[in-house]
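Colleague: As a plain string of letters, each chain reads:
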Amino acid sequence: MPPRTNHLGLSRNEYKGSPSTLCPGCGHDSISNQLISMAYELGLEQHKIIKVSGIGCSSKTPAYFLGGSHGFNALHGRMPSVVTGALLANTELECIAVSGDGDSGSIGMGQFKHVIRRNVPFIYIIENNGVYGLTKGQFSATADEGQFLKYYGTNHMPPIDLALEAVIAGATFVARSFSGDAKQVQTLLQAAVCHNGTAVLDIISPCVTFNNAETSTKSYPYGKDHEIPLHEIQILAPDYVDAKEEIEIDDYDAGDTIDVEMHDGSFIRLKKLDNDHDPRNKRMALDVLERSMREQIFSTGLIYYEEPRPTLPETEELVETPLAQLEEAELRPSEAALDGLMQSLMAN
Amino acid sequence: MAIHPQTESKIITREPVINDFAFSVATKNGSGSQTSNNVLVRSLFRMGIPVNGKNLFPSNIKGLPTWYTIRASKEGYTARKAVTEIVVAYNDATATEDVSNLPPGGVCITTDKIAKVIKQRDDISYYEIPVTKLMRQTKVPSAFRKLVENMTYVGAVAQLFDIPLELIYQVLLDNFKGREKPARMNHDIVELAYHWTAENIVKTDPYRFENMDGTRGKIMMTGNEAGALGAVFGGVNVVAWYPITPSTSFVDGVIAYRHLRQNDAKENTIAIVQAEDELAAAGIVVGAGWAGGRSLTSTSGPGISLMSEFAGLAYFAEIPAVFWNITRMGPSTGLPTRTSQGDLLFTHFLGHGDGRQICLMPGDLKEAFEFGWKSFDIAEALQTPVFVISDLDLGMNNWLSDPFDYPDQPINRGKVLNADELQAFIAEHGKWGRYMDVDGDGIPYRTVPGTNHRFAGYFTRGTGHDEMATYSERSDDWIENMTRLRRKMDTARDLLPHPIVEAESDADIGIITFGTNDEAIREARDWLTNDGIKTNYLRIRALPMAAAVTDFIDQHKSVFVIENNFDGQLTQLIRLEHPENISHVRSLALGDGLPMTPTWIYENLKEQEG
Chain A
1 MPPRTNHLGL SRNEYKGSPS TLCPGCGHDS ISNQLISMAY ELGLEQHKII
51 KVSGIGCSSK TPAYFLGGSH GFNALHGRMP SVVTGALLAN TELECIAVSG
101 DGDSGSIGMG QFKHVIRRNV PFIYIIENNG VYGLTKGQFS ATADEGQFLK
151 YYGTNHMPPI DLALEAVIAG ATFVARSFSG DAKQVQTLLQ AAVCHNGTAV
201 LDIISPCVTF NNAETSTKSY PYGKDHEIPL HEIQILAPDY VDAKEEIEID
251 DYDAGDTIDV EMHDGSFIRL KKLDNDHDPR NKRMALDVLE RSMREQIFST
301 GLIYYEEPRP TLPETEELVE TPLAQLEEAE LRPSEAALDG LMQSLMAN
Chain R
1001 MAIHPQTESK IITREPVIND FAFSVATKNG SGSQTSNNVL VRSLFRMGIP
1051 VNGKNLFPSN IKGLPTWYTI RASKEGYTAR KAVTEIVVAY NDATATEDVS
1101 NLPPGGVCIT TDKIAKVIKQ RDDISYYEIP VTKLMRQTKV PSAFRKLVEN
1151 MTYVGAVAQL FDIPLELIYQ VLLDNFKGRE KPARMNHDIV ELAYHWTAEN
1201 IVKTDPYRFE NMDGTRGKIM MTGNEAGALG AVFGGVNVVA WYPITPSTSF
1251 VDGVIAYRHL RQNDAKENTI AIVQAEDELA AAGIVVGAGW AGGRSLTSTS
1301 GPGISLMSEF AGLAYFAEIP AVFWNITRMG PSTGLPTRTS QGDLLFTHFL
1351 GHGDGRQICL MPGDLKEAFE FGWKSFDIAE ALQTPVFVIS DLDLGMNNWL
1401 SDPFDYPDQP INRGKVLNAD ELQAFIAEHG KWGRYMDVDG DGIPYRTVPG
1451 TNHRFAGYFT RGTGHDEMAT YSERSDDWIE NMTRLRRKMD TARDLLPHPI
1501 VEAESDADIG IITFGTNDEA IREARDWLTN DGIKTNYLRI RALPMAAAVT
1551 DFIDQHKSVF VIENNFDGQL TQLIRLEHPE NISHVRSLAL GDGLPMTPTW
1601 IYENLKEQEG
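Same order as they appear, the protein sequences are chains A and R. Each residue of the first sequence is one higher than the one before, counting from 1 in my numbering. Each residue of the second sequence is one higher than the one before, counting from 1001 in my numbering.
Among the hints, a few may not be true.
As the list claims (entries may be wrong) - If we take Cβ atoms under 10 Å as the criterion, some of the chain A residues that face chain R in the derived model are: (1) His70; (2) Glu92; (3) Glu227; (4) Leu326.
These are calculated hints, taken from the structure and not from any lab test. Keep in mind that this is a model prediction, so the values were computed, not measured. Note that CB positions come from ideal geometry on N, CA and C, so glycine has one too.
All chains should be built: construct the whole structure from the sequences, respecting the hints.
Modeller: What follows is the structure, given as structure tokens:
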């Protein structure tokens, strides 16, 4: 039987990358799998996508998905600047970027905040496990206060909440998820693809080797027991499913659902669970995040969303042709232009 | 009150000195003297007198001493002169020292506020301008008075040394982009001081300007502007930067000239991002270069330090990007507003591990423009970062130049495969790998993101990789890759701008330098020739060095390497590259924060040569 294919006639296998070299069971591999599924389901064209990462376990993963795309495993904490340059050079590219809690929360905190401030349009995934894996188990800046790890003893520092930092920095799309919740990760990734602006996904992604004790809020056992989705999420994307039909068969009460129209005309439908979170309300978003951090409540879902403000390429007022594709005639002024300028600078 | 009576007889008998002397204008930083000095330089330029203007300024917004030197030279020498014949002593904090630096027969133009210097010497001319009184006579609103006060010395200088008033007005108009009101306000002061000087001061010095024909067809601008203009003609399309003296005006230049590239809809073909730091600026240009952009950043030493990790990545992952280092005095914050050639070794070896970076070293304005565009072609042809090493002297000071030549080569994007070319490559070689060296020149073929071919994608990394760009920790893969990178650098030696060699004579002495010492060396060589000492000359314009440097060293009995830094960095590099037979290579290195003078070169070379 031939494999199932998407609307481009490609099988899911064709969206895979090289085999992962991460520890078996690593949360990051699960996210890579969801990225593969998302790209396959949406029928994304791999040559239009770039994958960029920093350094760390998480940042290795772009080698493990979308093998047909250009990838760039850059420097520790510096993925955002590389993405910025690449997307300015070619505004037709879409970028999926992967970072970790060390990469974004410590060494790269400056770039993390500034790329959001500039609103560079890309998907910024943080695979957050609270620990440095490649150097064998130091606490990261997102680790819980009071947590004990063999390498370091007890952590006395309060955590940095990267979703909270993202909202404060001006992100227009901030989500938190759990790599153990494949369905939600997948849906949020699809929503992020529809967004025009920096879309931050802080995904708790357990490190099975160094930080998977059930006492850690970054572990599988903890996540499975404690995850509280803020809502059920559904993507109604006109490009990919028949949105109208979906809306018509909607059987929720109007008061129980929030439809958020995305940049590309699709909708994110959020069905309320037992809380009143409205991601379009910044105060609510900040409150949910602050309370989650303080009381160690594992709230997941689309935490914050606002109408996209202009992206960096838009504020640059660039020509329509991607800069990387400009020809000599557009890149080099004429000889007459140089001569005219030289004449105007002459003494007599 | 205008002349010191004891000196009158001594001075008045001297022969006239026309169009061949230098001024030093001593003021307080932030007092608005920049406009006054600029007006003087531009006026002389328009009188046809070869002239330079060098700003020796402090790291300060307002209040600290600052000097501006203006040199007129009918012979066309534009290096900084070691001694200036005239000082405009407008800063009481430095006036005593400024006056003591004058040669016998020199001139001090000062103000009624700094009377203390008047009796300091009896062998110079003093002209005292009653600035307080003159300013009281003006209609300038009091809020502006301090800012235009320095126009009094422009008026005095114009009267004393013969600069036409009307010309000064024209230059002021240009300075204020045609706006008459500020031009008129400034010119009123100039006129007032001009007429006061005519009526009250008896000229006792021999110095005078005369119209001549020494600047016809020439232009004047700063090296940062020239480099930026070059970049605009070189097709730059992504610029990222972080403000730092003395490079800031480089990006200002790109912004000023980018309209030359705008289409009818005024849409930009250059994205310009002021980054959060130099590290991010480097990341942006590396990301852009990887994605097929022609990217540039401009910075100085502290910024280069922050960029070193990205420089190493771009070298090893083979990503084109252009980095300008407008060098200032280090180490550390150093002398942030003083010139230096002290980053040569650091820039050339930027990044940890093995390898070296391509460097271009412009020596004048024309080369700043030329390397401005050519650096992109070199970066893309070699798929590597290119560092253009300029300095504060070239970058921020006004230089005289012939007009720039339009690029004589079309834009070179290097070995970039589009989808069809990739298909053909695979048909010919059976496969394509990002780091395959099928031409044997060390330069592989690359694809850029967005190329619509299923095999176009590859994974770029700073970790070990084989020719297919696959992660590899194998020793043989590593060595093969490094060997190819070295091969690429050897290819570069021929591709880069060759040294300028002036070796027509049978001289025993060879002089080697790089960058902005060129003018001072040219003048010093003329002095040496007058003394019967013949010299040959080679100016290195790129690293890694061309073979011609080795030949030049071998051809001379005595070789002097002249450079504006403390450690003699070019000398060290020459010893590294050319370890045999170099006992006759000597270092003449001076790092004092100031542009090199012919006097220092002449005296030290003669002393060492014995």
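Colleague: With reference to the structure, classify each hint as holding or not holding.
Modeller: Hint check results:
no.: 1; hint: His70; in the structure: 4 Å, holds
no.: 2; hint: Glu92; in the structure: 6 Å, holds
no.: 3; hint: Glu227; in the structure: 33 Å, violated
no.: 4; hint: Leu326; in the structure: 6 Å, holds
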